[in-house]
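Keeping the supplied structure of chain A fixed, place chain B upon it in accordance with the hints.
Each protein sequence line maps, in turn, to chains A and B. The first sequence begins at 1 in the numbering used here and counts up one residue at a time. The second sequence begins at 1001 in the numbering used here and counts up one residue at a time.
FYI, nobody ran anything at the bench for these hints, they're computed from the structure. Do not take every clue at face value.
[Said to hold, decoys possible] Listed below are the simulated BS3-like cross-link pairs for lysine-lysine, each with C-alpha atoms no more than 27 Å apart in a straight line:
id	chain 1	residue 1	chain 2	residue 2
1	A	Lys70	A	Lys18
2	A	Lys71	B	Lys1042
3	B	Lys1071	A	Lys57
The lines below spell out each chain.
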Amino acid sequence: DVKVTQSSRYLVKRTGEKVFLECVQDMDHENMFWYRQDPGLGLRLIYFSYDVKMKEKGDIPEGYSVSREKKERFSLILESASTNQTSMYLCASSLTSEAFFGQGTRLTVV
Amino acid sequence: GENVEQHPSTLSVQEGDSAVIKCTYSDSASNYFPWYKQELGKRPQLIIDIRSNVGEKKDQRIAVTLNKTAKHFSLHITETQPEDSAVYFCAASPADSSYKLIFGSGTRLLVRP
Chain A
1 DVKVTQSSRY
11 LVKRTGEKVF
21 LECVQDMDHE
31 NMFWYRQDPG
41 LGLRLIYFSY
51 DVKMKEKGDI
61 PEGYSVSREK
71 KERFSLILES
81 ASTNQTSMYL
91 CASSLTSEAF
101 FGQGTRLTVV
Chain B
1001 GENVEQHPST
1011 LSVQEGDSAV
1021 IKCTYSDSAS
1031 NYFPWYKQEL
1041 GKRPQLIIDI
1051 RSNVGEKKDQ
1061 RIAVTLNKTA
1071 KHFSLHITET
1081 QPEDSAVYFC
1091 AASPADSSYK
1101 LIFGSGTRLL
1111 VRP
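If we strip away everything but chain A, and leave its shape as in the complex, we get (with noise of 0.2 Å):
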């Protein structure tokens, strides 16, 4: 059973600080990404990653970077908090076409 795993579920920041949202896959997957959540817009792609140290750019990557310096480990930075970052942040892993997700993290930036 595949299991994509989130650091946190919650997470409360103030605006200006620097965020880490860690992910973690056990299935050896070589694609991780990640997603945001908002009502309304669907899940929107941030950053994706085919390989170690290998990343690239989604559709909103403003204001977001990421690091994959291991295979199974993918992380999101907010370099800077604001409140329009204020989401739901879904990670996900893939070996070829089937997406499997992480459980998300709330994150609300105050």
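Frame of chain A, contents of chain B only:
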């Protein structure tokens, strides 16, 4: 890049009726179209998918159809049950990136008992 539009945003049906959710995509070279179901408070999970070399696929009460010419695909749920109530997302995989998924905006389906 690829753009996926999904309709309707909300859908309410009586238990036992059918539900249809429609999506259109912009990249004619996209070749993989999955559907995900997200129950309240849970993670999205794949329920059915279709590839561009197939026109229709069925799995018990759910089916997906694909019209490549018109660049749209649909999810059909027959004999709906209360446990079908959830948010459904369609997605498309762009040709320039086989594993990346671009999602639609989601449809909240409510099945009334």
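* Among the hints numbered above, which are violated by the structure, and what are their numbers in rising order? -> none
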